[in-house]
Amino acid sequence: MKTEMLVECLDLTKNFSGKKALDAVNLKIGRGKIIGLLGPNGSGKTTLIKILNGLLEPTFGSVLIDGEKPGPYTKSIVSYLPDRTYFADWMKVSDIFDMFRDFYADFDRKKAEEMCGLLNIGTEEKIKNMSKGTKEKVQLILVMSRKAQLYLLDEPIAGVDPAARDYILSTIINNYNEEGTVIISTHLIADIERVLDEVVFLRNGQVVRHEAVDDIKEKEGKSIDDVFKDTFRMGVAGYDR
Amino acid sequence: MTGKLIKYEFRSVIRQIGVLWAATPIMAIIFMLIDKFYMQSEAFETGKSAFASTLQMISGFVYAGVFMALIVATVLIILQRFYKGLLRDEGYLMHTLPVKPWQLITAKGFTAFVVVIISGIIAVISIFILIGVSISISDLGELLADIFGMYGDEPVYILYTIEAILLTALSILKTIYKTYASMSIGQLSDNHKILISVAAYIGISVAVMFITGVFLQFVDGEMFEGLIDYFYSLSRFKGVQLVVAGYLLYMGVQLAAFHVVSERLLTKKLNLD
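Quick mapping for you: the protein sequence lines, in order, are chains V and C. Under my numbering, think of the first position of the first sequence as 1, with each following residue one higher. Under my numbering, think of the first position of the second sequence as 1, with each following residue one higher.
The following block holds chain V by itself, in its conformation from the complex:
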C-alpha cells in the first residue's frame, strides 16, 4: 500500500571527514508534485539525492521512500538522472534499453525508442562514439521512459545551452508519471521555476525553506528566482522551519 508521504527524512545528517554535508534535515515530500531542490553549489543537494538513491549511507538519521529504507525496493521505484554519464564503453543504445527492460518493470521500451527516433539517435549506435550532449539525451530518455514513483534529477540543465534546456524541461514535463514526484536539483532557478509546484531551499546542508511555489509568490509577490537570490544574499532569518 502506498504511504501518504513519498519521501520522509528524519534528522538526516551526512558527514564527510568531519564536515557536515547535510545537517539534521527533516523533510516530507508528497506525491504527484514537481519539486525544485534549490541551493548554491556545496549546499548538499547532490548528497541528499545520493542518500535518497542509496548511493550514500547517512551518518545519522533516517530516510524512507514509500515507507522503506533505500534498498532494492526503493531503487525499483526511483528513476535517477545523475550529474554525469554512466554508460559502459561496450554499450550500444539497444544494450542499455535491454538492461533497463530487464531490471525495471516500469521501463517503457517503446516510448524510449520513440524518443530516440524523434532525436535521430539510432538504437544500434555505440554510446562511446556519441557526443557528450547526445549521451546526456540518451540518459534523460532512459530516466523519463520509466513510470517511476520518484524521479531524482541532479542538475539536469547545468552546462547545456538554452535550447537544450527547453528540450530537457519539456521532456521531463511531458513524460513523467503524474502520480509520481519529480525532484529537480539546480541552481539555475529562472529556467525551471515555471514548472515547479514546491521548492526546497538548502543552505550549508540545512533545509531553510520548503513551501509551495504559489504560496511563496502570493506572500512575497516575487519570482522564485528573486526570492532565492534574496534568501541566499541576505540570510535566511524568518524562513527557518
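In case anyone wonders, no lab produced these hints; they're calculated from the structure. Please note: incorrect hints may appear among the correct ones.
[What the hints assert, rightly or not] Covered stretches of chain C, as calculated for chain V (at least 3 residues, CB under 8 Å):
| id | stretch |
| --- | --- |
| 1 | 10-23 |
| 2 | 95-109 |
| 3 | 257-271 |
For every residue, glycine included, the Cβ atom is placed at its ideal position computed from N, Cα and C.
Position chain C relative to chain V; hints supplied.
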C-alpha cells in the same frame, strides 16, 4: 537478478576479450602450419628461402603477441570490470539498479572466474596446437575411456580429481576477491584510489601471511600437541585428506572474508566521485 547481472557482465567481457579468444588458437594454427610447411619444404633443406623463414618468424611473433595479450587482457578485465563498473561513473548505473551490493560483487566475481577458466583453456589448447598435439575424436574417446576406467578401478581418483578442481577454483576465486577487497578499500580515498588499492593489496597479503603464521605457531604449540600426534597416527590417505580439507577451509575463509570486506565497504562507504 544476479543471473541478469551476470548476463550483462558476459556481454561486456565478450566484446572486450572475445577477439583474443578467437585469435589465439587461430594464430597458433597459422604458426603451426607455416612452421610445418617451412620445415618440410625444400627451401629449409637448402636454407635458401628468406621469405619462408621471415614468414615463420613473423607468425611466431604474432602468436606470441596474441598469447601475451590474452594473459594481460584477462588480468586487466578482472580489475577493470570491478573498478570501472562499480567504483567509477558506471557505478551510478550499477548501484542504482534494484539489487544488493553482494549481488553486484557476485556477478563480477563469477564472470571473472569464468573468464580466467576460458582464457586458461584457450591458452592450453593453443599450446597443444603449437606442439602439434592433434587428438582425433576416436583418440579422445579412448582417452576418456581410460580415465573412466581408472576411476572404476580406483574410485579414490574421483575424490582426488574433485579436490584438485575445488582447490584450483577456490584459489582463483580467492585471488579475484582479494583484488576486489583491495579496490574496495582503495575507493575510500578521494584522490589516490589506485595507489591505495595497490597498497591495500600488499597490506592484505602481509596480513594474511601474518595471521597464517600466528595460527600455525598456535597449532604447533603445546595446546595442540594431541592434534599433531593424531595427525601423525593417521594413514597416508587420511593425512592427505586432512591437509586438503584444512587448505580448502583456509582458502574458503579468505574468500568469505574478502567478499564480506568488499560488500560492507560498498554498502556503507561507497565513494563515487
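Okay, the hints, checked on the actual structure:
| no. | hint | result |
| --- | --- | --- |
| 1 | 10-23 | holds (count 4) |
| 2 | 95-109 | holds (count 6) |
| 3 | 257-271 | holds (count 4) |
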